[in-house]
Amino acid sequence: MTFLYFWRHTGSRDDNNLCHPDLERIQQEIDSVVGRDRSPSIVDRTKMPYTEATIYEIMRFCDVIPVSLPRCTSRTTVFNGFSIPKGTYVTPLLTSVHYDPEYYKEPNKFNPNNFLDDKGLFKKTDAHMPFGAGKRICLGESLARMELFIFFTSLLQNLTFKPVVPKEELDILPTGSGLGTIPPIFQCRILPR
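Residues in the sequence shown are numbered from 1 upward in steps of one, following my numbering.
Read the hints as simulated data drawn from the structure, not as lab findings.
Hints may contain errors.
Below, computed lysine to aspartate or glutamate pairings styled on EDC-like, alpha-carbon distance capped at 16 Å [what the hints assert, rightly or not]:
#	residue 1	residue 2
1	123	147
2	109	141
3	124	141
4	162	29
5	105	117
6	47	29
7	47	100
8	105	118
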């Protein structure tokens, strides 16, 4: 699913078609930091801001799990003019934060620069919460982030992914959504670098 969203949303921000500059930029960063003779390691992550920013943007943009775990209000709360009584179960919708224009300039466009500062260094934002937030944040967040980095970087170090249909025909709309977003079935060509 990660690559499907990446393919469809990299490159031109105006038409959201698959182009290769972003993919090539990640592969250049991998080649310059890791090289081709060794496997990526977690210590490489801090030296690869664009790759890290792209992974964060993929998690923000595709919202694999769009809702957080249910919470129970500890006191009567007013939210957007509605009174929520103490003891009410609420389920936070993470998508509402990940697509908030207050935090992301153009939230409906894939843009790794959302996670880069003016110097091109990786920057975190409080609005990025694919693993939830607060006391009930996913316990596996650190491990998952490490695994995502190693997996993503290892794949792009050794392989190039290409769609089998014209880029304008790529359909990325989920086939279903609920507790998780279900990507459409797709085919791709995987080529050695």
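Hint check results:
In summary, the hint linking residue 123 to residue 147 is not supported, as the alpha carbons are separated by about 19 Å, beyond the 16 Å threshold. Between residue 109 and residue 141 the alpha-carbon distance is near 25 Å, which puts this suggested pair outside the 16 Å criterion. For the hint pairing residue 124 with residue 141, the CA-to-CA distance comes to about 15 Å; that is within 16 Å, so the pair holds. Between residue 162 and residue 29 the CA atoms are separated by roughly 19 Å; this puts the pair beyond 16 Å, and the hint is violated.
For the given pair, residue 105 sits about 13 Å from residue 117 by alpha-carbon distance, which is consistent with the 16 Å threshold. Pair hint residue 47 plus residue 29 holds up; C-alpha atoms about 9 Å apart against a cutoff of 16 Å. Only pairs whose Cα atoms come within 16 Å are accepted, and residue 47 paired with residue 100 is rejected, the gap being roughly 29 Å. Simply put, residue 105 and residue 118 have alpha-carbon atoms about 14 Å apart, close enough for the 16 Å limit, and the pair holds.
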